[in-house]
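Engineer: Chain by chain, the residues:
Number of protein chains: 2
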Amino acid sequence: MTNTDNSNGRITVDYTNMIRSSVGKRGYTVKQLVGMEQVAEQAYMQVQANRGKGMQGWMDLHSNQSKVVEDILACAKSVRSKFDTFVLLGIGGSALGPIAVFNALCHLYHNELPDNKRNAPRFYCVDNVDPVRLSQLLDIIDVKTTMFNIVTKSGSTSETMSQYLIIECMLKQQLGDEYRHHIIATTSRDKGNLIKLAKKNKYKTFFIDEGVGGRFCELSPVGLLPAAVLGIDIRQLLQGAKCMDMECSSPKMFDNPALLLAVLQKMAMDNGNNITVCMPYADNLKYIADWFAQLWAESLGKAVDRQGNTVNVGQTPVKALGVTDQHSQVQLYAEGPFDKVIMFLAVEQFSKSVTIPQGCEEYENVNFLCGHTLEELMNTELYATKYALTKSGKLNYTITLPSITPHSIGQLLQLFMMQTAYCGELLNIDTYNQPGVEGGKNATYALLGRKGYEQLREEIGSSDKQDYIL
Amino acid sequence: MTNTDNSNGRITVDYTNMIRSSVGKRGYTVKQLVGMEQVAEQAYMQVQANRGKGMQGWMDLHSNQSKVVEDILACAKSVRSKFDTFVLLGIGGSALGPIAVFNALCHLYHNELPDNKRNAPRFYCVDNVDPVRLSQLLDIIDVKTTMFNIVTKSGSTSETMSQYLIIECMLKQQLGDEYRHHIIATTSRDKGNLIKLAKKNKYKTFFIDEGVGGRFCELSPVGLLPAAVLGIDIRQLLQGAKCMDMECSSPKMFDNPALLLAVLQKMAMDNGNNITVCMPYADNLKYIADWFAQLWAESLGKAVDRQGNTVNVGQTPVKALGVTDQHSQVQLYAEGPFDKVIMFLAVEQFSKSVTIPQGCEEYENVNFLCGHTLEELMNTELYATKYALTKSGKLNYTITLPSITPHSIGQLLQLFMMQTAYCGELLNIDTYNQPGVEGGKNATYALLGRKGYEQLREEIGSSDKQDYIL
Chain A
194 MTNTDNSNGR ITVDYTNMIR SSVGKRGYTV KQLVGMEQVA EQAYMQVQAN
244 RGKGMQGWMD LHSNQSKVVE DILACAKSVR SKFDTFVLLG IGGSALGPIA
294 VFNALCHLYH NELPDNKRNA PRFYCVDNVD PVRLSQLLDI IDVKTTMFNI
344 VTKSGSTSET MSQYLIIECM LKQQLGDEYR HHIIATTSRD KGNLIKLAKK
394 NKYKTFFIDE GVGGRFCELS PVGLLPAAVL GIDIRQLLQG AKCMDMECSS
444 PKMFDNPALL LAVLQKMAMD NGNNITVCMP YADNLKYIAD WFAQLWAESL
494 GKAVDRQGNT VNVGQTPVKA LGVTDQHSQV QLYAEGPFDK VIMFLAVEQF
544 SKSVTIPQGC EEYENVNFLC GHTLEELMNT ELYATKYALT KSGKLNYTIT
594 LPSITPHSIG QLLQLFMMQT AYCGELLNID TYNQPGVEGG KNATYALLGR
644 KGYEQLREEI GSSDKQDYIL
Chain B
194 MTNTDNSNGR ITVDYTNMIR SSVGKRGYTV KQLVGMEQVA EQAYMQVQAN
244 RGKGMQGWMD LHSNQSKVVE DILACAKSVR SKFDTFVLLG IGGSALGPIA
294 VFNALCHLYH NELPDNKRNA PRFYCVDNVD PVRLSQLLDI IDVKTTMFNI
344 VTKSGSTSET MSQYLIIECM LKQQLGDEYR HHIIATTSRD KGNLIKLAKK
394 NKYKTFFIDE GVGGRFCELS PVGLLPAAVL GIDIRQLLQG AKCMDMECSS
444 PKMFDNPALL LAVLQKMAMD NGNNITVCMP YADNLKYIAD WFAQLWAESL
494 GKAVDRQGNT VNVGQTPVKA LGVTDQHSQV QLYAEGPFDK VIMFLAVEQF
544 SKSVTIPQGC EEYENVNFLC GHTLEELMNT ELYATKYALT KSGKLNYTIT
594 LPSITPHSIG QLLQLFMMQT AYCGELLNID TYNQPGVEGG KNATYALLGR
644 KGYEQLREEI GSSDKQDYIL
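First to last, the protein sequences are chains A and B.
Under this note's numbering, read the first sequence as residues 194 to 663, first letter to last.
Under this note's numbering, read the second sequence as residues 194 to 663, first letter to last.
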């Protein structure tokens, strides 16, 4: 690696504007931060002790998949040569990571590029059950030249299995027995329906290990297969994650960026900051904010702590995009309540450069732009927004990618996952469960007539009050 | 209108789950609501008194544009016949409304439909200055067959004017003097640079009235022109808005849905609910949440009240999509802090129906889905999610569209704008200004070397501390 090639450069974290000397009275003194070192070290030790165990199986995905990667690359090569479209059927963690990586590392209009300019199949991720969306997707793809990747660890996700049944039926009608070569299943190795269906129907299969939960699975085959099909260098993605893991190998929070960020967010939560904004300044990073939102919300939004005490904790993630949302959200961030931490994602070097030409000499309030580049304008506005928010006393920090590459995206994913794991420890909660979604799932089962849910159905029926309607 | 044709049906508001008897102790008693009638009426009277005046020029857009509509329809007809692509250059309110209406009322994959199945030009809205985004857009469009609509009321929005300069230069290079027929300007009638440039260069022009601010301009030519180009019935859009305006013509909050929602949100804010989630259960409504987020955040996020007292008010809007985000956010909503109001947007009748086929008899936890439709699954999950969140004591209400049509979207936009206007009155703030974005704008000017900002530049330079970097 030389100075001019920053493709494998490190991500940096600038937390200056979380510090009192910069942001004012709501910021933290260095003494306060140092006072957190001990609990930070405990959180680190706890995470470290469980590395690879239980639901922390995700932590070593960057290093323990060499055979899986070979299998994925071979499969991706075959898909790329035979299919013009790749459709992922999945929801939540099965979809958000693949969408984020696709948007980060492919052409922003990938699916609309003419065939001769697009070096990979078109990619669609169907992560809803809206009948309009699915019908209209079928208006623009030809199932005969499409590979479908069904992704559900449990094999019982209602949304994904519904899509699977619809697509399987359609494939069979159009292709007969050939249909099985248009389906790849990514699921549990030994649990649930999808692996049984896959074995019965002889689908190509990839596995999600038991210790890898939905929101921590992007570096498993869930994310690696679509990325490889799209021509993304998945070895570099994993290498980036590994580099970040090494950056986070110290129990000392001032030497461990994920641990430091976890501590800063925990301190902010304790001070009433129940919102965190993720605001990338690059269209390529827009969907990283969506992926982060699930990771942060589902992992940290919990009713009880490990001892069963009611705590109702969790910070609500908000997705924004710079500079776009300066014109929609920053008014609130600057002048509204002191209730949020704003996380900026910055990019040092963009992959394209566009210069604003001359041609407006008579209008000084436009002419000053001429001769600058768009990337200059973008990063200047980021700098200016940070400056203005900091002057307004609003907590903020910045994560900077040297450029957007598989390596830097791998670093970023690992950084966020590690930060979430540490923050869960600091909050003394189970980072990896999601009991709060069971209520809605069970009510759906009851309402759709699944066996065993008759009593709940009655309860729901009798609670149906709609007295207040305008 | 008959019972079976609900294309012009009314939007309904169900606030049952804001009431104590349904949602528990954090809900409101009917007595508490009744106690708000007087302040609600005052807010109504204040809004009504200023109808059409100052920045409330947006309120009558549904009824005072018959000539403008004719001009727009004629222009749209010409654009549709001559161009295969329509690109809007704008940001904030100039972009969010057009994107929301496009996504609501066109095919979800409109731009990817083959020419013979797409009855309108492709549509792109460039609302950022990312050089990658603009370069890559140019990979998929041919400027020779593209109409560019430059939208900025002030004519000095840095982002939009930068894009304009780039595109104008490119058009001139490729088309010579013909370039002027590829640009439509939507701007102030008499202020700013864009109207001067438009006159000088003889661009086709549409106007934004002084009393119509960025986030309240979707029913002005800003939104109507792209909608008309896309073949959307803009008269029905306006008619829907007019119907909702009439629904909101009572000073009695129990007869005025926008006023009632404003009161409920004000009460919730007073009780510490600093977050409001907008969660449509339809892919077609996804970007309505983005449009609403700007409207709500910029209008209500204010540092001072009308008397100049520091208040730092504002509720942070969060965008979610049902059922998708049940698998990313609902865990937090169900189990996290009692800090948010969840607004669901529901659709009674979808424009497509897809049945989940049989084929899974051996697996009961999938088989119960078979025979149901996707729209049933969607709306059952909405019902189940509301049920579960209400059982967890989380405030929520539901706005239901009979179906997604220009008329119902017109109603919805007007409802949200009226609610915002009332809520601003209840908060005793200026709903229509955005002083909080000036800090960042000025810092950008200073950093890019605009004349008159030299002192600020020095200030920024001397405040540049980056001591805390990992």
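Don't take every hint at face value.
[What the hints assert, rightly or not] Derived EDC-like pairs: lysine to aspartate or glutamate, alpha-carbon spacing no greater than 20 Å straight-line:
#1 584/B - 403/A
#2 395/A - 555/B
#3 384/A - 557/B
#4 392/B - 555/A
#5 389/B - 403/A
#6 584/A - 647/B
#7 392/B - 554/A
#8 389/B - 631/A
#9 224/A - 660/B
#10 644/A - 234/B
#11 393/B - 631/A
#12 393/B - 426/B
#13 310/B - 498/A
#14 218/B - 234/B
#15 310/A - 569/B
#16 260/A - 463/A
#17 397/B - 253/B
#18 634/A - 652/A
#19 584/B - 557/A
#20 384/B - 305/A
#21 310/B - 335/A
#22 435/B - 305/B
I should point out that these hints are in silico values taken from the structure, not numbers from a laboratory.
On a predicted model such as this, the values are computed, not experimentally measured, just so you know.
Engineer: Of all the hints given earlier, name the ones this structure violates by number, lowest first.
Structural biologist: Checked against the structure, the hints that fail are numbers 1, 5, 8, 10, 11, 12, 13, 14, 15, 16, 17, 19, 20, 22, while the rest are satisfied.
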